[in-house]
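K.L.:
Single-letter residue listing:
There are 2 protein chains.
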Amino acid sequence: MRYLPAFLLFVFVSNAQIKKDQLNLMPWPQKIEISNAVFLLNKDFKVNITGNPNPRVFKAATQFLRRLDQRTGLFFNQGFITKTNEFPEANLQINCLREGKVGITEDESYQLAVNTNKITINATTDLGAMHAIETLCQLLHNNGTQFYFPSVEINDNSRFAWRGLMIDEARHFQPVDVIKRNLDGMAAMKMNVFHWHLVDDQGWRIEIKKHPKLTELASNGSFYTQEEIKDVVQYANEKGIMVVPEIDVPGHASAILTAYPEIGSKTDNQTAYSVSVKSGIHNPTLDPVNPKTYQLLSEIFDEVCPLFPSPYFHIGGDENNGKEWDSNPKIQEFKKKNHLKTNHDLQTYFNMKLVPMLKKHGKQVMGWEEIMTQDMSKEAIIHAWRGVNEGMKPGEAVVKAVKNGYQTVLSNGYYIDLMLSVDSHYLNDPMPKNVDFTAAEKARVLGGEATMWSELVTPLTIDSRIWPRTAAIAERLWSNDTVTNLESMHKRLKKISFRLEEIGLTHIRNKEVILRNIANYQGTKALNDFTKICEPYKVYKRNGGGKKYFMFSPLTLFADACNADAPDAYEFNKAVNRYLIDKDELSQSEIIYYLKQWINMNDELIVFSKNAPLIQPVLPMAQQLSTIAVELVANLENKKALNKTLIQENLKLLNERNSADVELAIYESLKKLAE
Amino acid sequence: MRYLPAFLLFVFVSNAQIKKDQLNLMPWPQKIEISNAVFLLNKDFKVNITGNPNPRVFKAATQFLRRLDQRTGLFFNQGFITKTNEFPEANLQINCLREGKVGITEDESYQLAVNTNKITINATTDLGAMHAIETLCQLLHNNGTQFYFPSVEINDNSRFAWRGLMIDEARHFQPVDVIKRNLDGMAAMKMNVFHWHLVDDQGWRIEIKKHPKLTELASNGSFYTQEEIKDVVQYANEKGIMVVPEIDVPGHASAILTAYPEIGSKTDNQTAYSVSVKSGIHNPTLDPVNPKTYQLLSEIFDEVCPLFPSPYFHIGGDENNGKEWDSNPKIQEFKKKNHLKTNHDLQTYFNMKLVPMLKKHGKQVMGWEEIMTQDMSKEAIIHAWRGVNEGMKPGEAVVKAVKNGYQTVLSNGYYIDLMLSVDSHYLNDPMPKNVDFTAAEKARVLGGEATMWSELVTPLTIDSRIWPRTAAIAERLWSNDTVTNLESMHKRLKKISFRLEEIGLTHIRNKEVILRNIANYQGTKALNDFTKICEPYKVYKRNGGGKKYFMFSPLTLFADACNADAPDAYEFNKAVNRYLIDKDELSQSEIIYYLKQWINMNDELIVFSKNAPLIQPVLPMAQQLSTIAVELVANLENKKALNKTLIQENLKLLNERNSADVELAIYESLKKLAE
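These protein sequence lines map, in sequence, to chains A and C. The opening residue of the first sequence carries number 1 in full-length UniProt numbering; numbering runs sequentially from there. The opening residue of the second sequence carries number 1 in full-length UniProt numbering; numbering runs sequentially from there.
It is possible that part of the hints are untrue.
Where chains are identical, the list cannot tell them apart; a pair therefore holds if satisfied intra-copy or between any two copies.
[To be verified] Straight-line alpha carbon distances no greater than 25 Å define the calculated DMTMM-like cross-link-like pairs of lysine to aspartate or glutamate that follow:
1) K83 with E207
2) K596 with D345
3) K341 with D318
4) K541 with E675
5) K495 with D345
6) K330 with D107
7) K393 with E89
8) K538 with D565
9) K59 with D177
10) K359 with D417
11) K59 with D417
12) K494 with E604
13) K43 with E396
14) K652 with E675
15) K672 with E262
16) K330 with E535
17) K43 with D345
18) K360 with E604
19) K59 with E207
20) K341 with D302
21) K118 with E262
22) K278 with D44
23) K360 with E585
24) K583 with D302
25) K330 with D21
26) K671 with E585
27) K353 with E502
28) K323 with E106
Source of the hints: derived by calculation from the structure; they are not laboratory data.
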């Protein structure tokens, strides 16, 4: 926290009782009552578990104790919890009736009661008990000398059954430890589905023992062994998370076809299939009329399915641009002969051959919305992803799916890779508005999924692109649909973001690593100040339509230290809005404070850049901002007339594409101040 | 970097050529010449490999490109290097005559020549080539707008063959990703032996398929599967690092005996063996007269040996306090019958039974120095660890071992867990001084090993306890014994420490995580300032003789954010020393600057503590320091007479044990100023 002038600094010192709106819970529980009592923590705090839970709840309770101890430094006497009924007098009692089946059909409800002497968790399943433990973690408060839980009564359950996060392993491979810490983050936010996008044009990431060529030729050395996959699935299961694997077919096939070109649809013999090193939609597509295609997929499914207990298997099916199919005479002839009018029909023919291959392993097919055609099996779950970027109404596939008898999951509006605001994700609801659904239809909207497409993320930056925004999405999927207040969400999200660090997420700590590298270790304050008002180019702009970044290009640049929801921009924009209405002194002071900070920032960046070439790309923006800021300060402080030409010039430059790949999130506010 | 007053701030802006003493290489090469030319980097920079190397050099070269790209943002065109002779015109040519055998007997030499148009690496083996790549990484410089390598000619080789790091997995388990990033750190510092201490009183960490009870009953759920071990060994091999496993016997046996109490030496049937949750020397010892002991160990070795290609197997053998043996009549009788006078003799009997078990797997025994008795096989490598803390001359076992025909490795003086200064480690040399060794005897001193005992480290803090001090130890083990200048080492170590971040080490970034937690997210500057003048209690003081911390106690406290070699204390102490000699104005200004900072720091800590109980333990120290500082400032600035009684009172309090478990590293300087 920067040291703010006195008018902005306040220190919250209070021994008063906590009120409900001071709780930083996320997702917000369905029902919560708070009273004036507190439960004080000391080193004799103990946990006891009763009932018939899966042993995973012992691990969860042990980890809870460790997290609590790390936050309080109380040196609890209790070490490892390994069985039920060990301490019947313990002040935290966790009662689970039975083991829960990880997935989307289980009872995840819980009751949490905190009283002066006792804390009680009651849950039908251990899944609900683990959710209760996470809520309890979030309830920890202190009064300066002691730690305590406020006395609450919570009854909670999820609104949607499918509360997911997808991670794309193909564009940038994420090692196991990255996955595990994000599973921890998901569990902390009561999310229960991990969609593992394991294959794409840029890489094949699964060991297939019968077909070692896939990893030998199409993984660039980065893939998971089957042991690693089992380990991750087990880890997820212990956190109450179901893992849904995806092998994206028939498009997105550059990797598969690098290993097995004979099942590709390309007829041009001059270029070979190769693992792609760029983003975008690629042409390589599996040949749907070649029996070898189905043989290979069948053998792959035979090895992959047993690794995943989940009853769902995602077959992808998106963005098949049909180019290779259209220019393949055999395929064209096949379409004619079999009355498959369009490529969509041919793809449905293809998909329907996969359905029994997976069904024999107990798997129900799921796919991106393009699989939804007239003849596609109603058992398939439709993954709705398209919206305005694809020229369609946001999530219109949800309505179509539901009306046509399909279950569906919404990802449009939860594309966290696009660097959009947390507000946009938070207000995006899987249940379409202004549509009449019957109860049966409503039930087909299973939930939603945040999608971490990894064209522009590495293990160093991925946590910062997932968190904390995905916590807000988690609330949208769990909490009541009346929980929509943006200010409350922002306030709570700030605290939740900090708490996510303690479970190992690197979304906060890695920023300084990037800045230290950029600054060539000379000092990062100026750069850090700048990241707080810049946001990476949104949607697909940063990658210049897939042209700028190779999959191995550096992602340790200024844009990688920036994020959506630039925090100082948020405050500055609010102050400017207030000021333009009220012209009040407090807001004016805040505005001047920031402007002066940015003038200093520019001076410092210029000095440091002499020994740090990576600072160069941000210098023009910093200078343009400083020039405008000087004018605005003089005007606000001394009523000096604005040099509007100079300001407009610099605003124009700020509006052009820069090589730092970031936009100035205070741009509109500067414009308004300069009018 | 804090913003220092003008007299302390200097900006190094130079287009002048780099001089040798401006290079930040570590370990310092055997021979290096520098000239005035430079090799400029651009996006067409390419690497070509020739010769007959192991494919690991392709990976190393690819990673080198990625690291370079991340530091320069140049967007290299070259992606993955997968074979030799791909770009004969490339400006970086790496020539390896042959594959190197990972271990301590291989040629690790290299020549590195940087010219204006070309960089050439020549090495007998790919191991030498990979060392050269690390040196080249360290040579990167910039002139504000461009990146370049200065023109150098380097001929380099290691002084010692055994340059190791040991990590203790038993006291605090470290997951695979922690191990891998530390292997990366080792490779960056040209270290080649990873000693894996896999078993101790506090846990058994290896999957043994024939004896699942070991992990089921004695691991608290934390252990490595054999697949994971193979993966780590493979990873290390690709970095030129040999992994030496250790199963510590016959003492340190609480874990083994929890699973197999029948082979313990205890005759008291009232207490059961259990996995220990405390530090220290424990009684549980294997029964050396029970044939089942040897059967179990033999079966364990049969499973573990094949996982490790290394020809060395460490059997521990330290700190057998003999208590259980002394009170076991059967064992006493056995000693009498077999003329084994002392417990040392009995232990030698025990060790000599292990030798053939390991030899049949091609393993040579290594053990802590206590195994060195008259009848111990000369093939055993003696690991010298005892010194003044054990009431002996530092590393005296080295001399004894060498004179008695044993090969030996030194760890005394490299115990990085004791929080001693980097200077003490740096000046500690495996080759004893003032002893006459023949050439053959000298050759028996294989090298040294930093030992990361993990009683007080977790995955969150372990990197900060290993790095950067181990880099200085790496230099001691690689470079010429004339490379001993402390000032040069400190200067280079500062830069090397930053560079270690880019390969994934968390020694810098995790400190702020700890401080944020302590500060309850209110702002960490004051705490950070305080960590820069405090050091954790040294040697075994922090743990209060093993009494204070359970193995599951929190290590997220102020002492865990502190480290050896507190940086501001280093500067302040130097300034005070200069001032006391010269009474110069510059030093006086620096002293006053720091004192005022600490007065402010105390005020801020008091304010923040109102919402952060974890700050409480440091408040007394901060106040005592502030009281003294106020007096000193008034005296230095205004010549006000010192209130010596008040100062002495507070110095006395500062000297007492505090609950924050840290000592004030500027204590002596304050004393001197107050005289």
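K.L.:
Look at each hint and say if it fits the structure.
P.N.:
Going down the list of hints, with the structure as the test:
1. K83 with E207: between (36 Å within a copy, 22 Å between copies)
2. K596 with D345: neither (62 Å within a copy, 77 Å between copies)
3. K341 with D318: Answer is within: at 19 Å inside a copy they meet the 25 Å cutoff, but 78 Å across does not.
4. K541 with E675: This pair counts as neither: shortest intra-copy Cα distance 28 Å, inter-copy 66 Å.
5. K495 with D345: Cα proximity of K495 and D345: none, with 50 Å in one copy and 61 Å across.
6. K330 with D107: Neither, since 51 Å and 59 Å both go past 25 Å.
7. K393 with E89: neither (57 Å within a copy, 53 Å between copies)
8. K538 with D565: For K538 and D565, the Cα distance is within 25 Å only inside one copy (12 Å; across copies 44 Å).
9. K59 with D177: This pair counts as both: shortest intra-copy Cα distance 18 Å, inter-copy 21 Å.
10. K359 with D417: neither (32 Å within a copy, 55 Å between copies)
11. K59 with D417: For K59 and D417, neither the intra-copy (32 Å) nor the inter-copy (29 Å) Cα distance is at most 25 Å.
12. K494 with E604: between (28 Å within a copy, 22 Å between copies)
13. K43 with E396: neither (54 Å within a copy, 44 Å between copies)
14. K652 with E675: The answer is within: 14 Å in one copy meets 25 Å, while 64 Å across copies does not.
15. K672 with E262: So K672 and E262 fail the 25 Å test inside a copy (60 Å) and across (81 Å) alike.
16. K330 with E535: neither (49 Å within a copy, 75 Å between copies)
17. K43 with D345: neither (66 Å within a copy, 46 Å between copies)
18. K360 with E604: neither (65 Å within a copy, 66 Å between copies)
19. K59 with E207: between (29 Å within a copy, 19 Å between copies)
20. K341 with D302: Cα proximity of K341 and D302: none, with 31 Å in one copy and 64 Å across.
21. K118 with E262: Result: close neither inside a copy nor across copies, 67 Å intra and 42 Å inter.
22. K278 with D44: Intra 57 Å, inter 18 Å, cutoff 25 Å: inter-copy only.
23. K360 with E585: Neither way: K360 and E585 sit 71 Å apart in one copy and 84 Å across, limit 25 Å.
24. K583 with D302: The answer is neither: 69 Å in one copy and 81 Å across copies each exceed 25 Å.
25. K330 with D21: Classified as neither: same-chain Cα gap 66 Å, cross-chain 70 Å, threshold 25 Å.
26. K671 with E585: Cα proximity of K671 and E585: one copy only (20 Å, versus 50 Å across).
27. K353 with E502: This pair counts as neither: shortest intra-copy Cα distance 46 Å, inter-copy 47 Å.
28. K323 with E106: So K323 and E106 fail the 25 Å test inside a copy (43 Å) and across (55 Å) alike.
Going down the numbered hints, you'll see the structure goes against 2, 4, 5, 6, 7, 10, 11, 13, 15, 16, 17, 18, 20, 21, 23, 24, 25, 27 and 28, while the others check out.
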